[in-house]
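**Student:** First residue of the sequence shown? That's 0 in numbering that gives the first Met the number 0, and the numbers climb one at a time after it.
In short, the hints are calculated from the structure, not lab data.
Fair warning: this is a prediction, and the values are worked out from it, not measured in the lab.
Hints should not be assumed to be uniformly reliable.
Derived CB-CB ranges, DEER-like [stated by the list, open to error]:
no., residue 1, residue 2, range
1, 36, 7, 43 to 49 Å
2, 8, 35, 40 to 46 Å
3, 8, 45, 41 to 47 Å
4, 8, 28, 31 to 37 Å
5, 11, 38, 35 to 41 Å
6, 60, 14, 18 to 24 Å
Glycine residues also receive a C-beta, built at the ideal position from the N, C-alpha and C atoms.
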Amino acid sequence: MPAAEAFRRRPDRGLDTFLRVRWAVQAGYFAWRIANNVLTGISGPEDNARGLAHARSSFGL
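Produce the entire structure from the sequences given, and follow the hints as far as they go.
**Tutor:** In structure tokens:
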């Protein structure tokens, strides 16, 4: 069965993997912001820390 057909039958297939990758991207993004002291668009460094903590919690860390 072609991949497109399989996706139409079960659109949730692969969702868990996608979300894990997405959270990994978010963790990397906030780690980079913290390491480079990027504060654009936020009220303070605690917002970056909160974003990283939220991403890490998705992995049970």
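**Student:** Determine for every hint whether it applies to the structure shown.
**Tutor:** Here is how each hint holds up against the structure:
no.: 1; hint: 36 - 7: 43 to 49 Å; result: holds (46 Å)
no.: 2; hint: 8 - 35: 40 to 46 Å; result: holds (44 Å)
no.: 3; hint: 8 - 45: 41 to 47 Å; result: holds (45 Å)
no.: 4; hint: 8 - 28: 31 to 37 Å; result: holds (33 Å)
no.: 5; hint: 11 - 38: 35 to 41 Å; result: holds (37 Å)
no.: 6; hint: 60 - 14: 18 to 24 Å; result: holds (21 Å)
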